[in-house]
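These protein sequence lines map, in sequence, to chains A, B and C.
Here the first sequence stands for residues 1 to 164, where the numbers follow my numbering.
Here the second sequence stands for residues 1 to 395, where the numbers follow my numbering.
Here the third sequence stands for residues 1 to 128, where the numbers follow my numbering.
Don't read these hints as lab results, they were simulated from the structure.
Honestly, I wouldn't trust all of these hints.
[Claimed, not checked] Using C-beta positions, here's what the derived DEER-type ranges look like:
| hint | chain 1 | residue 1 | chain 2 | residue 2 | range |
| --- | --- | --- | --- | --- | --- |
| 1 | B | 37 | C | 38 | 48 to 58 Å |
| 2 | B | 37 | C | 86 | 32 to 42 Å |
| 3 | A | 20 | B | 33 | 31 to 41 Å |
| 4 | C | 32 | A | 25 | 26 to 36 Å |
| 5 | C | 32 | B | 33 | 48 to 58 Å |
Positions of the beta carbon are idealized from the N, C-alpha and C atoms, including for glycine.
Letter by letter, the chains look like this.
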Amino acid sequence: MDASVILFYVISVLLVLSSLMVVFLRNVVHCALALVVALFLIAILFVMLHAPMVGVLQVLVYAGAIMVLFLFVIMFLNPTASEPRRKLWWGFGSAAALLLAASLAALLSNGEAPADPVTATETFGSPETLAKSLFTDFVLPFEITSVLLLVAIIGAVVLAKREP
Amino acid sequence: MQAYIDQLIRDGYFAGMPKEVVYAVAMVLAAFIVLSVFVAPLAGVTSWLERRVWARMQSRVGPNRVGPQGILQWLADGIKNLLKEDLIPSAADAKLFSLAPYVVFVGFLCAFVVIPFGSQLIVADLNIGILYILAVTSLVVVGILMAGWSSNNKWSLLGGMRSAAQIVSYEIPAGLSILTIVFLAGTMSMQGIIKAQGWAPWDWFLFNNPFTFAAFFLYFTAALAEGNRTPFDIPEAESELVAGYVTEYSGMRFLFFFFAEWGNLYVIGAVATTLFLGGWQVPPVTSDPILLGVLQFVVFFLKAYLWVFIAMWVRATLPRVRVDQLMALCWKYMVPLSFLCLLGTICWMLVFPKGNQIFSVAMFVLGLLIVAYFFKRVVFQIRHARPELYFKPHI
Amino acid sequence: MLFDFANVLVFTALGLGFVGVNLLIGKLLRPSNPQERKLSTYECGEPASGSAWVNFNIRFYLVALIFIIFEVEIAFIFPVAAVFRRWIENGQGLFAFVEIMIFVGILFLGLIYAWAKGDLEWVKKVRV
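Please build the complete structure, drawing on both the sequences and the hints.
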């Protein structure tokens, strides 16, 4: 077996474990930090798929930036006691998970063998390819993203104004 | 590095060994050498030098007992900290409290993967090098927040939150200044950025146009703030927050935060050198590859260490800013200015696609004049102070 | 290229190992004599009053939000920046320039909006 395939399975197992920790740990800060680990492992998977740009952005934006926001929110709300599990959410969560599992099973059982988890061409995720597609095929979405981000800033400002 | 190992394999040095094993051994060896031969002594010596430099600037002597001129002080400090009791407050979140130094240390150490010490001397020249440095250094924030929160101490939490807010804010001007150079160089690889410059100062990106000149100072200021250095060290402002997020730490765990801080100082200098100051570029004086490599390493090291020294100088000179001034400086001055630098550079590239040599030389002369005037002032100040304290290094 | 990134993994592992080994050596050498007083939270010598895990100020949250938006913007521009020079050489420079200007300009409006609304002020004026 190839070294990268072994690495893929090791990382996948760790990823599933850390994701389970996000769900099952009782302390919210611990959950958030387990999420950092999970995002970091996903970044490694991206790199193995020859998309280093996406992998590094994953670390920069998710593990670095969005996690800081999460931690700030957690510290702002500060749930001192861990919340009791609510039956209703538990039900919804299980239903969604079952649905996802069923659709994945349907996808995997349609006869085709699953592709090799770590094959992609070398130029598939390079910065050049990314920039080219951003500026040729996806110019409009690219510009609309900036409008979306603008709306996000305005939303944040408006929400912060509602503090008593 | 891979090409070099492949060459060795082809030459039959590792006959009978699987390729993966050779690679893995080489990687571990390279990482170990970088850590133990370069990073650890560097951070240690920097900590000693910083105390010596401040002491001189404040008319004191500083640590001079361990080894010649006290140069082994850092080893003594390390051993002392190793033997200190490691306290974990009973109210703290013990797991996160003991994990936080790991995160901070790894975040800083990983930056050394892409630092180019010479044209051949780099662990791995990632094609997204500079973006990678931004990403791994942003992991330090997570470690600092962990340390601050898990201590369950008001000073720690406040210090951690302030530090995180400060680091993330100053990441924007730093990122935009770096973007300016990526536009100019047309690549994100560290070696590529250096190769786009030349050995002569007027070929450096620093003097390419007025906007990059400004971007350099924006980058250096923002990087100082990201490294929690004075004048931006309010997260550990001892007059108000005891020691910020490290208040509850002791012994070895405490040391690792400062290990990362001093090592990070060098990373700041190295990135500034790579982006703006021509990196390891040397004039073609010799064709011997080994001699050339040594020369490149020395040039790169000195250029980067100059900025470490300037950071020390700044720390000994400037008072600490207030937290509201800090945020205002970032969002109201540095972010708009770095946007301006970015757009200005793009316009410059449209007007002069090949760059403007005459202007670069003029910028260089202007820079020299500024430095000369500055040193004139320094000499004037020293003459009017008590010079006997400055010119006796062997006290 | 995978080889290059494998170095990053090795550095991560070595960094963790270095801290771990040092702490382990320390554990064997250092004294361990915990006492109740020693393990109490430090609050300048006074007995600590209450936990530090209290509700925190919302302004940190706002700073983080604005930061994320600009960080995403930087992330979007990075790949474009790497190929901008080649576009200039191909004569598409003006087109790319206009694209970038629109993108950055719209986001700059956001910064101006937050500024005008006073959300970049760290010390808020108290409304009476």
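Structure-based check of all given hints:
| no. | hint | in the structure |
| --- | --- | --- |
| 1 | B/37 - C/38: 48 to 58 Å | violated, 38 Å |
| 2 | B/37 - C/86: 32 to 42 Å | holds, 39 Å |
| 3 | A/20 - B/33: 31 to 41 Å | holds, 38 Å |
| 4 | C/32 - A/25: 26 to 36 Å | holds, 28 Å |
| 5 | C/32 - B/33: 48 to 58 Å | violated, 34 Å |
In summary, the numbered hints that this structure violates are 1 and 5.
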